[in-house]
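Enquirer: Read off the chains here:
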Amino acid sequence: MTAREESDRRKFILRMARGAGIAALGGFVWSAYVDEVTASQLLLRPPGAIKEEDFLKTCVKCGLCVEACPYDTLLLAKPGDHKPLGTPYFIPRDIPCYMCPDIPCVPVCPTGALDEASVTTDGKLDINIAEMGLAVIDRETCIAFWGIQCDACYRACPILGQAISVEYHKNERTGKHAYLTPVVHADACTGCGLCEKACVTEKPAIFILPKEVAMGKAGNYYIKGWDKKDEKRLENAQEIKSTTEISKESAVDSLNSDKGLY
Amino acid sequence: MKTLWNKYRYLFFRRTTQVGLLFLYFGANAWGWTALMGNLSSSSLFGIIPLSDPYAALQMLAAGAVLAVDLVVGALIITVFYFVVGGRAFCSWVCPVNLITDAAAFLRRKIKVDDFAKKQPATRNLRYWVLGLSLIISFAMGVTAFEFVSPISMLHRGIIFGMGFGWAAVLIIFNFDLLVLKNGWCGHICPLGGFYSLVGKYSLVRVHHTQENCTLCMKCKVVCPEQQVLYMIGKETMPVLSGECTNCARCIEVCDDDALNFSIRDLIKNNKSGE
Numbered sequence: 001m002t003a004r005e006e007s008d009r010r011k012f013i014l015r016m017a018r019g020a021g022i023a024a025l026g027g028f029v030w031s032a033y034v035d036e037v038t039a040s041q042l043l044l045r046p047p048g049a050i051k052e053e054d055f056l057k058t059c060v061k062c063g064l065c066v067e068a069c070p071y072d073t074l075l076l077a078k079p080g081d082h083k084p085l086g087t088p089y090f091i092p093r094d095i096p097c098y099m100c101p102d103i104p105c106v107p108v109c110p111t112g113a114l115d116e117a118s119v120t121t122d123g124k125l126d127i128n129i130a131e132m133g134l135a136v137i138d139r140e141t142c143i144a145f146w147g148i149q150c151d152a153c154y155r156a157c158p159i160l161g162q163a164i165s166v167e168y169h170k171n172e173r174t175g176k177h178a179y180l181t182p183v184v185h186a187d188a189c190t191g192c193g194l195c196e197k198a199c200v201t202e203k204p205a206i207f208i209l210p211k212e213v214a215m216g217k218a219g220n221y222y223i224k225g226w227d228k229k230d231e232k233r234l235e236n237a238q239e240i241k242s243t244t245e246i247s248k249e250s251a252v253d254s255l256n257s258d259k260g261l262y
Numbered sequence: 263m264k265t266l267w268n269k270y271r272y273l274f275f276r277r278t279t280q281v282g283l284l285f286l287y288f289g290a291n292a293w294g295w296t297a298l299m300g301n302l303s304s305s306s307l308f309g310i311i312p313l314s315d316p317y318a319a320l321q322m323l324a325a326g327a328v329l330a331v332d333l334v335v336g337a338l339i340i341t342v343f344y345f346v347v348g349g350r351a352f353c354s355w356v357c358p359v360n361l362i363t364d365a366a367a368f369l370r371r372k373i374k375v376d377d378f379a380k381k382q383p384a385t386r387n388l389r390y391w392v393l394g395l396s397l398i399i400s401f402a403m404g405v406t407a408f409e410f411v412s413p414i415s416m417l418h419r420g421i422i423f424g425m426g427f428g429w430a431a432v433l434i435i436f437n438f439d440l441l442v443l444k445n446g447w448c449g450h451i452c453p454l455g456g457f458y459s460l461v462g463k464y465s466l467v468r469v470h471h472t473q474e475n476c477t478l479c480m481k482c483k484v485v486c487p488e489q490q491v492l493y494m495i496g497k498e499t500m501p502v503l504s505g506e507c508t509n510c511a512r513c514i515e516v517c518d519d520d521a522l523n524f525s526i527r528d529l530i531k532n533n534k535s536g537e
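Chains A and B are the protein sequences, given in the same order.
The end of the first sequence is residue 262 by the numbering used here, with every number in the run present.
The end of the second sequence is residue 537 by the numbering used here, with every number in the run present.
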């Protein structure tokens with residue numbers, strides 16, 4: 001083998017290695033950046049939006065929903081908004097979703113990131129089943145909980161009486177007045193944000209959070225035995241036996257054992 | 263006046279198309295026009311015909327998204343269109359970043375940056391690597407990788423829906439092209455350009471070079487943003503066959519000797535066989 005051939009091969013290998021190195025470097029920086037910019041959790045999507053994880057891969061960022069919105073509610077995330085770039089969202093305190101019955105923003109979506117089926121009941125568009133978020137009340141700053149009469153959110157709610165109702169309690173401090181306090185019902189609330197917009201406090205005491213953020217999850221271990229529908233979850237249940245350090249023995253043996261006492 | 267028109271006619275048409283499209287898109291958001299709604303990622307023509315970025319669709323596919331019918335139809339229409347007129351006709355006739363990089367290239371020629379920056383430190387094949395990488399990242403991360411960093415979308419969306427910090431991306435590209443790498447963004451890095459280079463590989467509309475007319479003035483090579491596609495200048499009569507040609511037609515305009523013209527690929531073949 002001549003020296004020149006060898007140096008050619010060396011150069012080739014070196015170039016390949018350099019290319020791979022640059023690709024890996026670029027790839028990692030790029031991935032890290034994309035991971036970072038898509039991590040935003042506190043984001044309210046238009047009605048009918050599919051799960052956030054799927055939304056990020058399905059939304060093509062065309063802005064057709066934004067253009068369809070007659071109230072200029074929807075915005076496209078700009079660089080500097082600290083939200084997944086180019087995806088639609090809204091800020092209810094600025095402009096809430098006015099829940100148009102014909103939901104113009106959803107059918108225009110070319111990718112199905114806004115899913116028409118998820119806001120359709122019996123073949124008809126139905127904005128009342130949208131799940132954009134959930135209204136959450138801060139009882140400390142809501143003046144109705146202080147005893148001051150205010151039902152701004154209750155009056156503003158487009159599903160008045162169902163998504164927000166008002167409860168009465170006796171005001172023990174004065175002994176002769178009533179508290180009229182708002183309660184949000186998660187099964188009816190669409191997260192439109194009209195309550196947040198209407199709230200009279202300096203920073204709203206009722207505000208919309210994404211449902212996954214606002215709600216907990218009971219999981220599979222707890223079932224409402226008194227609820228026929230919930231009981232159905234048990235139908236296909238299978239016994240799962242797990243063994244831990246304690247459950248290896250029978251319960252009685254385990255309790256009577258003096259292991260670990262001395 | 264006539265010569266001025268001859269020198270800049272295609273440039274005039276290109277700028278008119280670019281700005282006109284931007285205006286239609288802008289009007290859709292600002293004043294509710296329905297001619298062309300959306301943006302370059304996906305649009306609706308007259309509210310009926312879907313148009314979609316096929317490269318975005320490809321990334322969605324890699325990310326594991328379920329592709330909707332509208333999106334697939336839109337992407338097919340666009341692919342077929344650019345397959346015929348030359349893939350990178352998108353770059354020079356539609357893409358708003360072209361306005362930025364052309365300005366940078368113009369200024370770069372004026373202030374003669376290339377006199378002291380003779381060496382081009384990067385390969386133009388970089389764009390195909392970026393293209394591949396974008397699909398790998400889309401697949402691995404489950405998001406459309408390029409769409410979240412694309413300065414094209416940033417600028418285009420910015421013009422229609424509000425700029426935010428998008429101007430920074432524009433500034434970076436301008437400076438990069440002006441001072442760091444000649445035709446840096448459009449000619450080396452942009453994976454969308456790489457994608458359309460592949461789409462336009464067999465397109466029908468081509469720039470054709472007639473060697474007998476050529477006086478070797480090389481004005482065409484000076485203005486060309488993809489000089490490597492003009493390797494045949496003064497050597498051989500043939501069409502520019504590389505998909506990397508953007509069909510911008512600047513070479514045709516600057517040629518004083520009628521050595522460059524548009525042609526249709528198949529007609530040339532017939533002419534040749536007729537000879």
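Hints in this document: simulated from the structure, not taken from any laboratory.
You may find that some hints are simply not true.
Stated by the list, open to error - Output of the computed footprint for chain A on chain B, the stretches with three or more beta carbons under 8 Å from beta carbons of chain A:
| hint | segment |
| --- | --- |
| 1 | 287-301 |
| 2 | 305-314 |
| 3 | 319-330 |
| 4 | 425-433 |
| 5 | 463-470 |
Cβ atoms here follow ideal geometry from the backbone N, Cα and C, with glycine treated the same way.
Enquirer: Please verify the coverage claim for the segment 319-330 of chain B: does it have three or more residues whose C-beta sits within 8 Å of some C-beta in chain A?
Expert: holds (count 8)
Enquirer: Three or more residues of the segment 287-301 of chain B near chain A by CB distance under 8 Å?
Expert: holds (count 6)
Enquirer: Residue count check for the segment 425-433 of chain B against chain A: does it reach three with CB-CB under 8 Å?
Expert: Since three or more residues must qualify, the claim that chain A covers the segment 425-433 of chain B holds, with 6 doing so at under 8 Å.
Enquirer: For the segment 463-470 of chain B, does the count of residues with a C-beta closer than 8 Å to a C-beta of chain A reach 3?
Expert: violated (count 0)
Enquirer: Do three or more residues of the segment 305-314 of chain B come closer than 8 Å to chain A, measuring C-beta to C-beta?
Expert: holds (count 4)
Hint check: a violation occurs at hint 5 only; the rest are consistent with the structure.
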